[in-house]
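A.B. asks: Please build the complex by placing chain B on the supplied structure of chain A, with the hints as guidance.
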Amino acid sequence: MLRSRREFLHAGAASIAAIAVGARGAASAPKVIVVGGGFGGATAAKYIRKWSEGSIGVTLIERGSAFVSCPLSNLVLGGSRQIADLTVPYEGLDKWGVQRITGEAQSIDPAARTVTLAGGATLPYDRLILSPGVDFIWSAVPSLNDAAAQEKVLHAWKAGPQTVGLRRQLEAMRDGGLFVIHVPLAPYRCPPAPYERACQVALYFSMQKKRSKVILLDANEEVQSKKELFVAAWNGRYKGYVEYRPNSGLTDVDVATLTAKLEFDDVRADVLNVIPPQRAGAIARQLGMANANGRFCQVDFLTYESTVQRNIHVLGDAIQPASLMPRSGHMANQHAKVCAAAVVALLSEGEVNPLPVVANTCYSYLSDREVAHIASVHRYDPATRTMSVVSGSGGVSPAANAEETVYAEAWAKNIWSDMLG
Amino acid sequence: MALASAWTSTVNRLLVRTVTACALLVAAGHAAAADKDLGRDVAANCANCHGTDGRSRGGVPSLAGRDKGELIRQMREFRNGKQRSTIMQQLARGYTDAEIEAAAAYLAAQKAQ
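Protein sequences appear in the order of chains A and B.
Be aware that the first sequence starts at 1, since it is given in the numbering used here, and climbs by one per residue.
Be aware that the second sequence starts at 1001, since it is given in the numbering used here, and climbs by one per residue.
Chain A extracted, bound-state conformation (with noise of 0.2 Å):
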């Protein structure tokens, strides 16, 4: 009966041992696709090798041959900064192990837990993260969705040879001329930014083309974010450089004239900018996953987790945010430090963080030598199941000051670094 006893305790402990090894995985490594090398995806690949150390395959698919930064892009057209001073190699991810493919994924078959991109090949995942960013929603603009009207009449909301172009654009026009910016209406990647391009253009023609003009049409009714600090700078260093029109929502543009027509008005331009509204990016509106307002994904922010597909993440620019939580570069790479966080421990039976909290961190270049934040903490509110704005934390600078511009670089920096170094 002794006997029988120790091997049955001995079956046991041997059993418990065997569960132990079939969950962590024995037989192969776990594996985790993300699609889009941006402020998100990029973050998320390092962070789950970092913290799964190597134990967790990571493949990152991305069509560019290199991450080029939206943040600070608009110092391009003022002239401060080249395209190349914001173009990052993505090599530095292969010193985590991070597989990488240059390529665009087309489909996913979330049965299969399958992927396949544009060139016919198929890739199994256990966990699929989707960083696609945004789409433009061109049918807003009827004249514009069309591939020669979009060579002329430029957007530049996603850094590289738009941005070129349109500095190019803006070298070329005659003093004189009028640089028109039409800003869609909120929400859209990130809402400072046509404000700050107002300010840098501004800037361009107050040493060089000191009888031009920016005109910003904006569809909103009011500046979206750092309003006294943008509407100081148009009444101060650029008096006279920058027309603030509020509740000019575009209806179409004359592509032949570069006129922004308005409900009761027409702008004719010299030189015209136009952002149209955004999206998720297309893979990241399969499957019902565009599930606010069929425009943006809602996410589980434990995870960042589809709300509609089990196994596949959204994150950055495509996600539905919580209130108050901008479209921004620094608050993708803090979603996607939540979402490794979450999908390592997924992987691992380890325990999802219950209480995450991220930051918002966002400079604006006012001149080039004048810089200003906004900021905000945000916390995980279990009752609500959102993010919330912690009590008495965040703010804006009181002024635009010189301090903050080594501070940005250094942000910009540190973050890049963070998410490919």
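Worth flagging that the hints you see were computed from the coordinates, not collected in a lab.
Among the hints, a few may not be true.
[Said to hold, decoys possible] Chain B is nowhere near these chain A residues, computed Cβ spacing over 12 Å in every case:
| # | residue |
| --- | --- |
| 1 | A29 |
| 2 | S55 |
| 3 | S65 |
| 4 | D85 |
| 5 | P161 |
| 6 | F264 |
| 7 | R285 |
| 8 | K337 |
| 9 | S393 |
| 10 | G395 |
| 11 | E403 |
| 12 | A410 |
[Unchecked claim] Simulated restraints on C-beta separations:
| # | chain 1 | residue 1 | chain 2 | residue 2 | range |
| --- | --- | --- | --- | --- | --- |
| 13 | B | A1098 | A | S206 | 47 to 53 Å |
| 14 | B | K1111 | A | A66 | 43 to 49 Å |
| 15 | A | G249 | B | K1111 | 39 to 45 Å |
| 16 | B | A1098 | A | I83 | 40 to 46 Å |
| 17 | A | S28 | B | A1112 | 34 to 40 Å |
| 18 | A | G54 | B | A1098 | 28 to 34 Å |
| 19 | A | D381 | B | A1105 | 24 to 30 Å |
| 20 | A | S143 | B | Q1113 | 42 to 48 Å |
| 21 | A | A383 | B | R1084 | 51 to 57 Å |
| 22 | A | S323 | B | A1105 | 48 to 54 Å |
| 23 | B | R1084 | A | S323 | 39 to 45 Å |
| 24 | A | D381 | B | K1111 | 34 to 40 Å |
| 25 | B | G1081 | A | W96 | 36 to 42 Å |
For every residue, glycine included, the Cβ atom is placed at its ideal position computed from N, Cα and C.
C.D. replies: Only chain B this time, still in chain A's reference frame:
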């Protein structure tokens, strides 16, 4: 019969104890894992400006390898406004004492560069 019953009862008790012990171990493991990761997860919020694991590429101070008590003191002084700052006061007010302590411990344990 009585013997068999006693044996069954002994086995059951042992089984219950073993299972309970395992369950407690697992629960303790999860709690410890969550605690262990708190500092790592909060410190990840600092990385955007201060670099991954607090190793800055310049322009703002590195936090890696700094004294834990000093990091906690600075965060408290940012929070109460005793130490002047542009942005840190606004960010420091978003975190609890437990989060600040855990993040400081994590950052203090990182290699400086």
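A.B. asks: When you take the CB atoms of G54/A and A1098/B, is the distance between them in 28 to 34 Å?
C.D. replies: holds (30 Å)
A.B. asks: With d taken as the least Cβ-Cβ distance between S65/A and chain B, does d exceed 12 Å?
C.D. replies: S65/A clear of chain B: closest Cβ-Cβ about 23 Å, beyond 12 Å.
A.B. asks: Return holds or violated for the Cβ distance of S28/A and A1112/B against the range 34 to 40 Å.
C.D. replies: holds (37 Å)
A.B. asks: A410/A clear of chain B by more than 12 Å, beta carbon to beta carbon?
C.D. replies: violated (3 Å)
A.B. asks: Taking 43 to 49 Å as the hint, is the beta-carbon distance of K1111/B and A66/A inside that range?
C.D. replies: violated (29 Å)
A.B. asks: At 12 Å, judged by beta carbons, does S393/A keep clear of chain B as stated?
C.D. replies: violated (4 Å)
A.B. asks: Tell me if the beta carbons of A1098/B and I83/A are separated by a distance inside 40 to 46 Å.
C.D. replies: Roughly 44 Å apart at Cβ, these two residues keep to the hinted range, so it holds.
A.B. asks: Confirm or reject the statement that D85/A sits farther than 12 Å, beta carbon to beta carbon, from all of chain B.
C.D. replies: The claim holds: D85/A sits with its nearest Cβ about 14 Å from chain B, beyond 12 Å.
A.B. asks: Holds or violated: 36 to 42 Å for the Cβ distance of G1081/B and W96/A?
C.D. replies: Holds, at about 39 Å.
A.B. asks: CB of A383/A to CB of R1084/B, is that within 51 to 57 Å?
C.D. replies: violated (36 Å)
A.B. asks: Taking the shortest Cβ-to-Cβ distance between A29/A and chain B, state whether it exceeds 12 Å.
C.D. replies: Given that every Cβ of chain B is farther than 12 Å from that of A29/A, nearest at about 20 Å, it holds.
A.B. asks: Honestly, do G249/A and K1111/B meet the 39 to 45 Å range at C-beta?
C.D. replies: violated (54 Å)
The structure fails to meet hints 8, 9, 10, 11, 12, 14, 15, 20, 21, 22, 23 from the earlier list, while all remaining hints are met.
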